[in-house]
Amino acid sequence: MKLATARMSRAAPGRLGPVWTFLFRYGPPRWTEYVLRNWSGQRLVIAVPYLWLLVFFLVPFLIVLKISFAEFSPLGRPPYEPVFQWLEEGALQIKLLIGSYVYLFNEPLYVSSWIYSVKVALISTLLCLCLGYPMAYAIARATPTYRNVFLMLVILPFWTSFLLRVYAWIGLLKTDGVINNFLLWLGIIDEPMSMLYTSFAVYIGIVYSYLPFMILPLYSNLEKHDNTLLEAASDLGAGPIKSFMRITLPLSFPGIVAGSLLVFIPAVGEYVIPSLLGRTDQLMVAKLLSDEFFLNRDWPKASAVAIAMLMLLVVPIMIFQHFQNKELQANRR
Amino acid sequence: MQAAERRVDKSKTKHEPWRDPHAEAYVRFENITKRFGDFVAVNNVSLKIFKKEIFCLLGGSGCGKSTLLRMMAGFEAPSSGAIYLDGQDMADIPPYERPVNMMFQSYALFPHMTVEKNIAFGLEQEKGLSRSEIATRVTDILDIVKLGQFAARRPHQLSGGQRQRVALARALVKRPKLLLLDEPLGALDKKLREATQFELINIQESLGVTFIVVTHDQEEAMTLASRIGVMNRGEIVQIGTPTEIYEFPMTKFVADFIGSVNMFEGQLIEDLPDRARIQSDELGGTIFVDHGISSAPSATVWAAVRPEKINILRSPPADTKENCVKGVVKEIAYMGDVSIYLVKIDTGKTVRVTLPNVERLSDDERIAWDETVWLSWHASSPVIVTQ
Ligand SMILES: Nc1ncnc2c1ncn2[C@@H]1O[C@H](COP(=O)(O)OP(=O)(O)OP(=O)(O)O)[C@@H](O)[C@H]1O
Ligand SMILES: [Mg+2]
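Read top to bottom, the protein sequences are chains A and B. When you number the first sequence by the numbering used here, it's gap-free, plus one each residue, and the end is 333. When you number the second sequence by the numbering used here, it's gap-free, plus one each residue, and the end is 1387.
Where hints are given, some of them may not hold.
[Unchecked claim] Simulated pairs of lysine-lysine, DSSO-like, Cα-Cα distance not exceeding 30 Å:
| no. | chain 1 | residue 1 | chain 2 | residue 2 |
| --- | --- | --- | --- | --- |
| 1 | A | Lys224 | B | Lys1117 |
| 2 | B | Lys1344 | B | Lys1330 |
| 3 | B | Lys1052 | B | Lys1146 |
| 4 | A | Lys224 | A | Lys66 |
| 5 | B | Lys1127 | A | Lys242 |
| 6 | B | Lys1146 | B | Lys1252 |
| 7 | A | Lys326 | B | Lys1117 |
| 8 | A | Lys242 | B | Lys1117 |
| 9 | B | Lys1177 | A | Lys242 |
Source of the hints: derived by calculation from the structure; they are not laboratory data.
Just chain B, with the same shape it has in the complex (with noise of 0.2 Å):
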């Protein structure tokens, strides 16, 4: 839901700078492969981010996230490739001069120091900052952190959502030019969650800084980014917009591990610039789209469809031959907003239905369990991906 209005939010300002071939990047990962002795963690990974992004990096645990991240702290040193940032090669530059703050997934936080110390260590550690510049800084990040009653506290003193806000603290107060969070909302509750994602964004845009944020909670990112780049096994599968990522994956990866999807496998048997049709037998049946592939003919194509672009119907549609199937209802699950329904058609598969409760039902109103019914969807809605 706040995706969504996210996103609309984005289309007003549309600040996409990696549409024009000309911008300069800000941060630039150059062919970067990392091993660990024979094991590859991050595979000649290349990517541009843009200066005021928020990049998302998203994956399933151990795909080198993380690795990435901490390449680009300098805390691990690329096997080959080469990291720019803001035009600089950052090889030969240790953590500790880059202009580059992380906040760490375990937060690592300095369990002997107050919170007011914790945040303050960055700041002495700059030359030319007076004490009494360092305190007001110091005060105005607690501020804007609601973490000011707190400041004579020690970490372990704090519960783990306050903790959490420590360490963003201690990354911001420094303004840096690029901020990497490493899963920085791992351990919040969903409430305090997602408030602390707008306060990121609100940070990031009135602040400025350039934000890479790893995560691998698909929501998150999905408020959050400007642009995510999918991680597997050590490489960027697909780098676009949340939108981009959502609605037109490019591989069965991306398209399974971005929100649920029914896949159906099939062979391409008509390919036209306007249009498409797949017979698939795991559908016992065809799917036509209105857009054409422009693959190899008769080629192994699968067909990825959303839960919520499925409508149910209680009798069958008018056109039966083309998206659409008839199954029995398996199970359904009642989830307040939505409703999830897992139906078991012919061929014996079972697909994935929401639909949104719209209206107060009475219990013989509602889709019952083991009623038959036909599953349709529009000719715009399966995203057709050919590996």
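Here chain A stands alone, though its shape is the one from the complex (with noise of 0.2 Å):
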């Protein structure tokens, strides 16, 4: 190989010698080479996600960030004007429209919708943090057969249809349902209670949905604790909750960041839950994007606001991607 690639840039004549040296030397078939001889398995085997993410997360990514910087057409729908264009002046002009961004800092709609998602997602989380702590623990603790069915109960709902389960509160929640019915049978209150179509409609929805993805890194987190820890706590003078407070929880806090942003990350952007059960007076920000975009269909600022919800959402997956690399490091010990 070496050899005859070696005779052919000899025999390349002329003027463009040099670049044929060079595309010999560095050409196609060079990179194929150089990939096989240099790139174990293990690189080509994670090149595949990253190749995977490249092409449906980045490329569908840049399009959107793209329309939003584009000027809304009262058609409703692309094409839209190029961000990059060559000017015949041999000018390159590149065209950012930030309308659809100031609007929505402007908005006080989008601003409160964005403040009164987050406020459901972090109390949300809170919540499914304070059930889901406890339960991750008890089950932890229990006898291996019982575990096995406890985390069975967690994973069941799964087997119905998310839309499903949140219709089903409907019918729980609504001025006749359930719970109303019941309440009035036990006498506890006269009149039935408005609980559908409130904050704490979305707040149960919520809870409910997300609790097994608090639950599941926390338990996972907190089987591996080793018992000998405690008893060593115990012996050098700590009671059970100065033990918890100072050895369990401290040890927990990669399950307890792991559960609260696989919660909190999607309570954000939720769209299914509010829609069904929320306020129909304060929107959440997953629903203003719907609504931009069917109902207004206004692509540039439907895009401006999934840009902005990213934006939102990266900071806290930045933090997660921060707290699971020392986890690793920790564990790798």
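Hints in hand, dock the two standalone chains.
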């Protein structure tokens, strides 16, 4: 191989000689050779998901980003004017209309639904944590037989459709629904409470739907805890509460972070639950986005909402990554 | 070697409260039994341990040593029986209120805390200790275990030996009245282990702590212990000083477990207050001992002879009738300080003999393979056990 290329490069004549040499040294045949020689199987395997992410995540993202800087067209859909354009004088014209973004931050409806979304997601995450931690702890502490039963029960709801389960809550929460009728029958309340189409219903829906995402990472963390550490703490004079606060809780921190982000991130962008159970006068941001697309047919604004939402989520995701790496390193000990 | 020095050392001070019937025991196990389901892990153990003792629990794997220690620390409740510490019944006292600290076999260091924090943890649980006081005590103990420069590291950044010393420091810094060590030196190399053994003895002498040490390494028990309790299948089979355990084992199991031994089965043919004779088919001769056995006549007994108490002779001794046997050297292992000879005697049994390599001998002066030799021992050497 080496001999052959050497001869060929020498044979290449005239002014293009150096170019040929360069191509033979660094050109396509050389690439495959380079890849085969220097990339181990591991690298190739990793390359597959990266390629997947590149094609199906990064490219659509760039398209959305581009649309978000475009001008609203009355047609309500593409094509839009290109962002980059070669003008005839040989100049490159870059046209970024930030109108959509400016609108986003000035329109009180948008700002308030941003704040509302984040608030709902935060409170739901906290509720999930408060409910999920004791459950995960109890599961981790149960005997192996019970542990499997409990885990099965946590995962069981996933066997039915998410949409169906949310619909079921309508039946439970509505004014002449199961809960109200039951409480009336018990005599605890005199007239039915209005629970459906309130923030309360949204919290119920989100906590109910996302609790498993809190429990599972917490469980997988707590289950790994070494019981002799608690024995050691107790031996050194720490009572049960102290031991929990100083040993179990800090050691389960990566689990708390993972669970919280798994709940928080989808909760901010939750569409189905607030649409079906939530207030009509206060929208969450995902609903706003879909309205922008389907009702107003304003793609640039919808794209701007999507990009802004992504930015809002990128920060938590990066925090998540950071802690996940940290836990990985700690586990590698 | 060091075990011997240590024994000499102790005879000088002669602190032996267990010989005094009126002495108050510091730790008392009374008829302790522990069952896990049907399995009896600890069976009716009664034990007295005195102040400032280093008491070693010695026994094979799974014989219940750790279980006994864990009951003392309070992690496990006895199925029956009572444990007293300084006269106080421990039954209803949770681990975090016992004046006892344990060093775990697995160290159980808190992975999310630095060495310093690990050690300070126990002190922070005590009421009425100021921050500066805690800091000084931590620094002091770090000096003792020579870990000062590692104070800011996390456990996973330490070597096994350093972790072990952190675990020790963490238990010691509380200045407990009783320190429980579960195979504290199991993971260390021989040099480090010996150094730490002596460090433990120093700490014991300077702080006056009482130790209960679990080990299955008999050499370690010999080095450390004021007394040894030998356990077998959940029971304590013998308690005694290292010398007593080694030189006067009471059962075949103890004789066999501590060090190596040659065991000859035989019948008692003469049993007087000052001497006894045993006819042993296994030896193919009689064994004579210079003390009485006071056992039933013609009972089956075992004579245990330690390898280092047997002489190898190249020509028959004057008296070949008793405590003497002819054999052929089948195996020689040169260990440096001693050599081990495996001699096949006429009955087919293999006898183990160790001889110190006192002189540097040339090859043809040494006893060689397949050489016919005579083995003999003094009448005081065999230990006769009846069970
Ligand atoms: N929690 C438990 N449940 C059931 N059996 C147990 C439990 N803990 C210990 N055992 C059993 O009790 C016996 C004694 O165990 P223990 O840990 O005291 O042994 P050990 O003498 O410390 O052994 P080693 O030298 O191997 O550490 C073992 O046979 C063990 O299987
Ligand atoms: Mg053990």
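We went through each hint and held it up to the structure:
no. : hint                   : result
1   : Lys224/A to Lys1117/B  : 22 Å, holds
2   : Lys1344/B to Lys1330/B : 6 Å, holds
3   : Lys1052/B to Lys1146/B : 24 Å, holds
4   : Lys224/A to Lys66/A    : 46 Å, violated
5   : Lys1127/B to Lys242/A  : 13 Å, holds
6   : Lys1146/B to Lys1252/B : 43 Å, violated
7   : Lys326/A to Lys1117/B  : 20 Å, holds
8   : Lys242/A to Lys1117/B  : 15 Å, holds
9   : Lys1177/B to Lys242/A  : 23 Å, holds
Consistency with the previously given hints fails for numbers 4 and 6, ordered from lowest to highest.
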